[in-house]
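Chains as they are written, first to last, in this note's numbering: chain P, 55 to 415; chain X, 55 to 415; chain F, 55 to 415; chain Z, 55 to 415.
I should point out that these hints are in silico values taken from the structure, not numbers from a laboratory. A portion of the hints provided could be inaccurate.
Same chains, same names: a pair is fine if it fits in one copy or spans any two.
Mimicking BS3-like on lysine-lysine, the simulated pairs with C-alpha atoms at most 25 angstroms apart in a straight line are [said to hold, decoys possible]: (1) 380 x 335; (2) 257 x 380; (3) 257 x 335; (4) 380 x 153.
Protein chains: 4
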Amino acid sequence: MPGNSFGQAFRFTTWGESHGPAIGCVIDGVPPRIPLSEADIQPFLDRRRPGQSRYTTQRQESDEVRIVSGVFEGETTGTPLALVIENQDQRSKDYGDIKDKFRPGHADYTYWQKYGIRDYRGGGRSSARETAMRVAAGAVARRVLAHLLGEEQVAIRGALVQMGADSVDRLRWDWAEVDRNAFFGPDAAMAEIWAARLDEARKNGSSLGAVVEVVAQGLPAGLGEPVYDKLDADLAKAMMSINAVKGVEIGEGFAAAALNGEENADELRMEDDEVAFLSNKAGGVLGGLSTGQDLVVRFAVKPTSSILSPRRTVDRFGQETEIVTKGRHDPCVGIRAVPVGEAMMALVLADHLLRHRGQIG
Amino acid sequence: MPGNSFGQAFRFTTWGESHGPAIGCVIDGVPPRIPLSEADIQPFLDRRRPGQSRYTTQRQESDEVRIVSGVFEGETTGTPLALVIENQDQRSKDYGDIKDKFRPGHADYTYWQKYGIRDYRGGGRSSARETAMRVAAGAVARRVLAHLLGEEQVAIRGALVQMGADSVDRLRWDWAEVDRNAFFGPDAAMAEIWAARLDEARKNGSSLGAVVEVVAQGLPAGLGEPVYDKLDADLAKAMMSINAVKGVEIGEGFAAAALNGEENADELRMEDDEVAFLSNKAGGVLGGLSTGQDLVVRFAVKPTSSILSPRRTVDRFGQETEIVTKGRHDPCVGIRAVPVGEAMMALVLADHLLRHRGQIG
Amino acid sequence: MPGNSFGQAFRFTTWGESHGPAIGCVIDGVPPRIPLSEADIQPFLDRRRPGQSRYTTQRQESDEVRIVSGVFEGETTGTPLALVIENQDQRSKDYGDIKDKFRPGHADYTYWQKYGIRDYRGGGRSSARETAMRVAAGAVARRVLAHLLGEEQVAIRGALVQMGADSVDRLRWDWAEVDRNAFFGPDAAMAEIWAARLDEARKNGSSLGAVVEVVAQGLPAGLGEPVYDKLDADLAKAMMSINAVKGVEIGEGFAAAALNGEENADELRMEDDEVAFLSNKAGGVLGGLSTGQDLVVRFAVKPTSSILSPRRTVDRFGQETEIVTKGRHDPCVGIRAVPVGEAMMALVLADHLLRHRGQIG
Amino acid sequence: MPGNSFGQAFRFTTWGESHGPAIGCVIDGVPPRIPLSEADIQPFLDRRRPGQSRYTTQRQESDEVRIVSGVFEGETTGTPLALVIENQDQRSKDYGDIKDKFRPGHADYTYWQKYGIRDYRGGGRSSARETAMRVAAGAVARRVLAHLLGEEQVAIRGALVQMGADSVDRLRWDWAEVDRNAFFGPDAAMAEIWAARLDEARKNGSSLGAVVEVVAQGLPAGLGEPVYDKLDADLAKAMMSINAVKGVEIGEGFAAAALNGEENADELRMEDDEVAFLSNKAGGVLGGLSTGQDLVVRFAVKPTSSILSPRRTVDRFGQETEIVTKGRHDPCVGIRAVPVGEAMMALVLADHLLRHRGQIG
């Protein structure tokens, strides 16, 4: 009933608040005898880590992960993996202003309504700081996929495809470019436009929304558990559970509504004795099962709600007031959502791979 | 691990194939002493029932539901509710053509890859016939919501808001219109345009996609279980699990990506001593919890893959071939997805209401 | 949260009341392409069926099972299996006497306290009639075990080892004898004594308790999921969930408390290049995992609470009264618990085999 | 699928190995606004802590628990509670002898068979060290029960009732005595006999088994979720999952098999306008639901397998050998199982109380 676990066969549970002593997770169901160390996880945390460009929060966290159980002599043992990251930059500051006020667009009001108590320091449990553990768990999921499907087989990559109203040009898509700019953008020209737009938004005390695309290549066909735990259904849940996400689509997604049947259904032919689809409108999922084509998921991230422009709100005593959210905030939370989206993709796939193996072998 | 159940506290499990003797479901976790009979369920099945206009499949099913356990002397007992619908129109026909061929855009290929066996009669388990049980279970969920929150409190309504490239005009939105046309459309003028477009598509042996919107009014604030079973995450999963759905969004959804922080975050004021939001860009969810505002979900339905135009495909022996999908198919499956989307909304809400009550009281 | 499902990877959910129109179950997670028909299930139901000797209830039920989904052309499809048994002998009688009174030793009082409503006809959901579906599901579990481990590999057998104060002589144990007497007793001489004792109890309007032993042979080592879903923990739950069971033990069980360390720990040697235990005090489980030795479980069944001797009780209006439970009741419910215990053993093993395969391969 | 979590509504997950850097647990589903600090947990850990008499292992652990998330300003927030205990006495020793040998009666062989790898230091994950986290989580469960049912309402107490062949005299039962002797024994005279017997066993390099009884008083009627998650079924699982437990019984338990129906069924009368049972053979459970009487559970603990007497075994290379298990081991693990059994009782009750509240209110 409680909601802090994800997955069934590869199941992780996260804990910790933004300004508590540490955050962590437990991963249960990891297959045994997979080589694993902190070095397999840290690079993914480093990608997500804040403070690496002027476009993300200046909070300074080394986000150093420690494996405290489940690995023995360099290999997983099949028992629970526990990962911990100490919080370092718990800046001792005066929360007076947001302690009692509900920040518009934030979880302040709803947590208060649900629990009758909230840890107001940096958002507590509702903070995007929690996503660091998703990235850490996702790195373990990647090792599981590599171990079971072949080291070079599966690639899971994400990119920012839209910021504000500006989308990438898919003709200029270059995966290598993704790690060269501050936005995880696959289109170098667009990255420059985004830089200008985001600088302007920051200057205005505003923020921008974004769309992220995550692609998994090299999957076997048949992953997914109809009719409720379909692969796309679990991906939709996974992505929608990321902070600030407001929409998820697979393949053509919402654009499929405007297509007709001939345009949308991917035809099949044989190629080198293998079944081959002539297009991938489906985004790699049919009937809730992977087709073996690229699995393509996109999700929309709303603009950061923590902005410097004063906004009308109320406090928990029922008084009307105004709020200005100072502090260190990403002007576009969609950027750092890229490694988080990749991690959720890896986590869903590892879970479904083990579930599939349980029933089918 | 298997995937034919949905929900945790209000948990339903469906079974049955398109052309088997019956379909059914078990609902476990229904609170006791709620008045319930078939008359509470049948009207919702009747709304979804095919054969009611020339725009849906001509398959003739009375879809008469029977409650076979869990109700005693007109009230729920708290023990499992079992619902059964006998399949009537299992037209004895020659499936020769699709028996061995993979229909493009269908689950044929992926089921074959996963299970190595498939019930090819009408799609078997992958058929949208399964959604009848979602609608039946959803009707029970509505009774639970009414019983716990007040008979007149919660309203869950859906409408078709786009067919092909044509969207409704929200200024002409009229809920009463929804039940007057063949499309569950809230805009009478648009319904006429849709009729023309869909007649044309049918004539051409083609099909159209659509977008459905479902709205729940009258919810308490605080429903949802962070950080993975957030209310919007479970709704995304619920809607994406419906046949042919390719995208889900909440509130502004994908459009939020193009807004800035000031435009997107809903400000708060006091109204009659109650907290009131000045807008509802969030669609009724913040931090994964209901805000108490209208809960607004939209999902995209791809155009029917079963079309009369010949399409290239392969068969299970690896031979290239063509296929024409005859038979009785909806030219726009998005239409009948409206009552299904409403049902999934009711099911998610009933589940979260009971989960919330368990932890919070 | 609700409790009418069992298992995780091989998951079954039962529904139905003693005097409703039918009882049934859904089994989700069955591996595909396993040959299966009603003929694989019916013999196990026949063993449990009442009315076969004067020592069981005279209720006449043919208990004919029907598979209504999940099998196509004689093989499982991997989709949910639905099984249904119509109730036949819903004798229309006057329940006036027990309608309002709480039968001592029965669930009447507790169901009333929990749900505030109860189906008093034959115990409703709390009736042992529900165990028929356990036996049916267990028969499917046996097919899964045979299919995955080898047709001749695994044997699951149960026997009555004690009735009242009289226990079998293990030196006279003969599995072939179990199906020859009315008690599933492995000791022919003891069966005669039991017959006399039970005739006497019946004559006195009384009833007797019993102990059942279930043994699984031919298992691989390593089944079980520490540290909470240990194999013995899940077996304990499975057996304790059977109606009227009050105790469960593995191997030496309670007798192990009186042994010392040297007596209890099974030593190991090599035999034909295989690890062999020199004894089986552990009953086939160490650290919650199967050892590969015989898995031995015993459970105690209390004497039937429905007896002809008048007993003091109260009714739901708070009035003190007496009750005589007429009707058709087993004088020793432990007898028919033998096939039920075997079924629960098979169900736990099938579930753990699939869970193990998911994580380990 | 993996097995390191317990409970559904009040759900805890443990991690950590005997000789890793720390052990810990995450508890998800704790109701908000319950006052909680380490001081509520530490006393229960202190009761279980080794090294307090010559009858338990001399391993020195302060077992100091830290709450690292889920509590804010002294109250639970409703978000996951994380508890951590650092391991202190990870004596750096030579494990050469047991590194490759399978200790009889231990999980060494089965973990090796299952996972193909094992952390041999002190048993790794299979060590009873894990039970410290059960006790910590159980202390939190006690706070939940006190908060929801009334501070003075529920009492959960355990006692050792048998060691070796020697059982307590129930006429001399004194709960106050339990904390006065080294055995958690309720019978002072028997405690002296046990002391002599256990000294002798230790001198002989042997060990003794035991039986533990746990009683919960003050429960409401109606807790439990038929028909698989019955209260007694979940208790059986909970207790059987404790290291070295081989049997579980409720109320009369195995002795009920030798009673007849008149003796076993507890009659009902009215007392001060309340329903009152005239006996408690049922041990507080009927039909899988609590009756409101004392809930009485007993479990058998096998004698410690780690003994100084040399035993025959094999190693992982298939060589026959002998083993002497030196090191610091409890000569009767049943003693320290008393607080663990109490904790599991509290955990099952907290879970069922929240589950009940979810469905029934």
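Do the hints match the structure? See the list:
1. With identical chains, the CA atoms of residue 380 and residue 335 are at most 25 angstroms apart between copies only, with a shortest distance of 23 angstroms across copies and 43 angstroms within one.
2. In the homo-oligomer, the alpha carbons of residue 257 and residue 380 lie at most 25 angstroms apart inside one protomer (13 angstroms), although the nearest pairing across protomers, at 60 angstroms, exceeds that limit.
3. In this homomeric assembly, residue 257 and residue 335 come within 25 angstroms of each other (Cα to Cα) only across copies, at 24 angstroms, whereas the closest approach inside a single copy is 40 angstroms.
4. In this assembly of identical chains, residue 380 and residue 153 lie within 25 angstroms of each other by CA distance solely inside one copy; the values are 13 angstroms within and 57 angstroms between copies.
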